[in-house]
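Chemist: If you want the building blocks of each chain, they are given just below.
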Amino acid sequence: MASASAERAGAGPRADTGGRPVRRRGVPGPLWAVPPVAALGLVFLYPLALVVKQSFSPDAGGHSTRPWSQVFQEQSFRTALWNTVWIAAGSTAGCLVLGFVLALVIAFVPFPGGKLLSRFIDVFLAFPSFLITLALLFVYGTVGMANGLWTDATGASSGPVDFLHTPWGVLLAEVTYFTPFVMRPLLAAFSQVDTAQLEAAASLGARAPRIVRQVILPEALPSLAAGGGLVLVLCLNEFGIVLFTGAKNTTTLPTLVYSKAILDGDYPGACVVAVVSVALSVSLYGLYRALVARTTGGARRAGA
Amino acid sequence: MLVHSRAGRIAAWVVFFVLFLPLFALPFLVIVMASFATNWSGAFPSHPTFAHYRAVGGGDSLHALTTSLLTALCASVLALLVGGWAALAAEKLRGGTRKVIDALFVLPVAVPSVVVGLSLLVAFSQPPFLLNGTAKIVILAHTVLVTAFAYQSVGAALARLDPAYEQSAASLGARPAYVLWRVRLPLLLPSLTAAAGLCFALSMGELSATMMLYPPDWMPLPVQIYGATNRGSLFEGAALAVVLMVSTLLVLLVMGRVRTRATYR
Amino acid sequence: MTRTGSATSDDPAATPGTPTGPDAGKGSAPAPGSAPAPGSASGIRFDHVTVSYGATTVLDALDLTVEPGEVMALLGPSGSGKTTALRAVAGFVTPAAGRVLIGGRDVTGLPPYKRGIGMVVQQYALFPHLRVEQNVAFGLRANRTPRAEVGPRVAAALEMTGMADYARRYPRELSGGQQQRVAIARALAIRPGVLLLDEPLSALDAQLRSGMLAELARLHRELPDVSILYVTHDQIEALTLADRIAVLDQARLQDCGTPHELYRTPRTAFTAGFVGSANLLRVRAEGHGVFRLGTAALRVAEHPGVPGPAPGAEATMCLRPHVLRQLASEDAPDATPGTGGYPDTDPGIGPAGEVNVLHGTVTGVQWRGHTHRLLVEAYGHELRADVGDLRQPPAVGARIALAFDPQDAVLLPGGLTAGAADGRTAPAAGGAGDGVG
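Going line by line, the protein sequences match chains A, B and C. Start counting the first sequence at 1; every next residue gets the next number (full-length UniProt numbering). Start counting the second sequence at 1; every next residue gets the next number (full-length UniProt numbering). Start counting the third sequence at 1; every next residue gets the next number (full-length UniProt numbering).
I should point out that these hints are in silico values taken from the structure, not numbers from a laboratory. For clarity, every value in this text was computed on a predicted model and none was experimentally measured. Just so you know, not all the hints are guaranteed correct.
[What the hints assert, rightly or not] Using 30 Å as the maximum straight-line C-alpha spacing, the simulated DSS-like pairs for lysine-lysine come out as follows:
hint : chain 1 : residue 1 : chain 2 : residue 2
1    : A       : Lys53     : B       : Lys99
2    : A       : Lys53     : B       : Lys136
3    : C       : Lys114    : B       : Lys92
Make the full structure from the sequences, and use the hints.
Modeler: Below you can see the structure in the form of structure tokens.
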């Protein structure tokens with residue numbers, strides 16, 4: 001970046017340069033950022049602004065808050081809001097517990113192939129979420145492994161497992177899909193834990209649960225919080241998993257946006273739900289970023 | 001080592017695999033098995049067949065695959081260009097401007113993809129930009145969604161890049177553009193290909209925004225999979241899902257190969 | 001006051017490295033604005049260069065001139081500002097005040113790539129994706145050197161550093177010492193007038209380091225026109241390689257002179273302690289070159305015409321460990337200091353007629369192969385004395401006598417505070433001269 005170094009070289013008060021002008025060449029630094037920011041503004045910010053505008057523009061014409069009051073009165077919206085929040089919170093809790101246990105074993109009770117397993121988890125992250133729901137259909141669906149086992153064993157015509165179309169199915173799928181997002185930062189944090197510290201604790205007679213509680217958990221807390229924050233936002237935004245369960249009675253804010261806009265053609269209503277959804281996710285994501293900046297910011301500053 | 005007794009270690013591993021296998025390994029196994037089956041009423045699927053894959057070989061499904069590949073290619077190239085450029089420009093900035101650009105380029109991660117789709121639908125169905133019903137709007141949506149990841153991975157790679165390289169080059173008389181081209185980009189190449197691979201994979205699996213936007217003649221693979229399962233053709237959906245996974249993995253693998261070759265050059 | 005007056009100065013170009021006098025920087029600075037021809041001799045001048053990060057001043061009004069063709073070592077502990085000074089020459093930090101001149105040209109506002117310098121950093125920073133020859137050619141290509149010229153110049157640079165056989169290798173295929181040579185070849189290929197070396201040997205192990213040190217000295221003999229600014233915290237490197245050494249501490253220039261001057265006649269307590277080791281004793285002047293340390297009266301060689309501290313003034317006496325010698329123990333009177341074993345008016349005279357005798361108690365004996373280091377508690381100071389390998393080293397707790405020659409002592413002004421820049425006395429002082437009643 002030509003501009004930036006030239007500018008830095010010219011910065012600062014200099015009293016006695018003998019009247020020689022500081023030569024600045026090329027484009028000043030901030031200008032280089034203009035093209036990508038402008039592009040993003042056009043295809044991301046401008047459309048978002050139009051969504052907000054549309055939420056105040058009922059189909060009847062003019063501008064009013066009618067779409068908002070309408071949407072807020074609908075039972076379906078309130079259910080979707082509640083579903084979104086509790087499923088996301090529950091999934092996050094599940095991911096944290098599961099991810100902590102699994103990462104703990106990979107990091108501290110190593111077994112052959114453990115490295116390969118963490119690679120597998122990386123691959124897992126590259127696949128779309130709805131594949132999990134698709135797989136769960138074959139495992140717990142009305143025709144599927146679990147019910148098949150039951151019918152094979154008992155001779156009954158149908159199995160007892162039927163929760164996929166309920167919010168619990170969504171919860172299970174989200175816990176499965178998002179757990180790796182918790183494990184990754186945790187594994188990174190665990191690799192920083194000094195093994196000498198663990199050995200010292202063990203030599204002092206501390207048993208494993210105590211070591212986990214008093215040595216490992218405090219060390220992992222920041223990454224646990226960061227991973228949890230990210231998963232919470234991703235769960236709030238999750239669409240594919242909910243769509244693929246095909247449950248009409250399980251709607252969340254994203255699926256409500258979809259059904260209002262595409263199925264009902266109610267754009268102002270969809271925009272209202274969208275604004276609520278964005279406000280919820282972005283504020284939580286802001287908190288998450290602040291948290292991450294707090295935990296890693298010091299190190300990054302020192303490195304700069 | 002945390003657990004010192006052999007029994008304790010084995011217990012920990014048992015807990016691990018009891019949790020890990022059904023949750024993470026089983027789903028993929030199940031999808032692969034189902035893609036070869038015509039019926040699943042017992043514990044295991046029955047009546048093995050290749051019919052679903054033969055169906056993928058022609059017609060809509062193949063079209064969906066090429067659509068997905070093309071979309072992902074365009075989106076990841078565009079995202080790398082915009083996100084990489086932004087990351088390079090932001091690196092030299094300090095203070096408020098830097099924070100604003102950082103926030104701006106990670107925002108698409110926080111906004112639900114469905115809303116990104118909706119917003120593009122709202123914005124580009126009206127003048128001055130009429131893109132609704134074209135392939136462009138799908139590619140645009142994918143680009144918006146994956147640019148954030150490109151920005152973050154390039155930014156992280158830049159932060160890791162030792163400034164001594166850049167400074168040595170400058171001390172040897174190389175202008176910033178020359179340093180960028182001959183030193184920084186080659187050193188960033190592994191990170192750039194990794195970022196491209198990530199963007200490609202994300203775009204291949206994108207469903208939410210696509211569902212809001214796709215025109216009938218530009219139907220990517222995930223939409224096709226949803227269509228199949230929605231009309232009850234679960235086994236065909238499974239076959240398509242396997243195709244999706246395999247093609248994503250292949251691209252990631254190729255990108256990984258590029259990466260290792262670059263590091264050993 | 002400057003080193004130029006020092007009798008030990010054997011460097012005709014020894015221009016003052018000391019502050020702001022009217023003669024600061026004399027003999028440097030050709031007409032401003034004249035761009036250096038590549039490869040021609042060009043010195044460096046720091047003109048009151050101040051660098052701050054926020055409220056912290058990391059380099060405080062540095063005035064220093066590196067003559068064309070001179071090797072100047074910037075020596076100091078970490079955080080002393082020495083690397084900052086080098087980076088100010090390279091253009092990676094911007095002075096808050098002052099100017100940097102290279103070859104008489106003010107480069108303060110110029111970006112690094114327009115300064116025509118060669119630089120070698122601690123970790124070499126060889127470009128890992130380029131072969132050795134491509135690394136060396138980098139600067140030439142970046143400066144658009146004609147294609148026909150690049151090859152021979154790369155070959156010459158590699159030849160000079162003994163790396164011609166490795167041209168086709170990648171940096172990761174080389175050892176640390178070889179990477180070091182390539183880094184130097186890369187910096188020299190552009191024929192810089194000025195070579196900046198930032199702790200270039202610190203990443204090498206001790207054995208390689210001494211080899212590279214000799215190598216650098218040879219390179220400088222082959223390239224007598226190149227000025228070298230050499231940043232190091234290692235006094236051995238500085239003493240071995242440099243024509244002159246600038247000692248920095250706490251963002252300030254403490255001292256500047258030839259290695260010999262700094263070692264023999266340090267001007268500040270900091271220099272004395274940092275360049276070689278030193279016993280620093282707080283003494284009081286009595287006039288006529290006599291100083292009092294406790295009950296001992298010590299005589300220091302007088303320099304005609306150089307006024308010493310007035311009687312009653314405090315001064316610091318610097319004694320290198322190796323100038324102290326142990327007097328045969330049976331000859332040393334077992335007198336307790338302060339009991340009046342020696343009359344107060346009579347300077348300490350040993351039984352065999354030695355002057356400058358110090359009595360003390362041995363608190364430690366370290367055998368170092370060719371020497372014994374004795375730690376001796378005397379007059380409230382812990383003295384270190386390096387004496388020749390002793391058949392029978394004194395036991396801990398024994399009373400011994402140490403002596404030194406009057407010309408081996410150096411007086412520093414004032415108490416033990418380092419870096420008191422003003423009121424310096426002449427370097428090889430010690431004398432009392434006139435003003436004593």
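Chemist: Hint by hint, note whether the structure agrees.
Modeler: Structure-based check of each hint:
| no. | hint | result |
| --- | --- | --- |
| 1 | Lys53(A) with Lys99(B) | 27 Å, holds |
| 2 | Lys53(A) with Lys136(B) | 24 Å, holds |
| 3 | Lys114(C) with Lys92(B) | 20 Å, holds |
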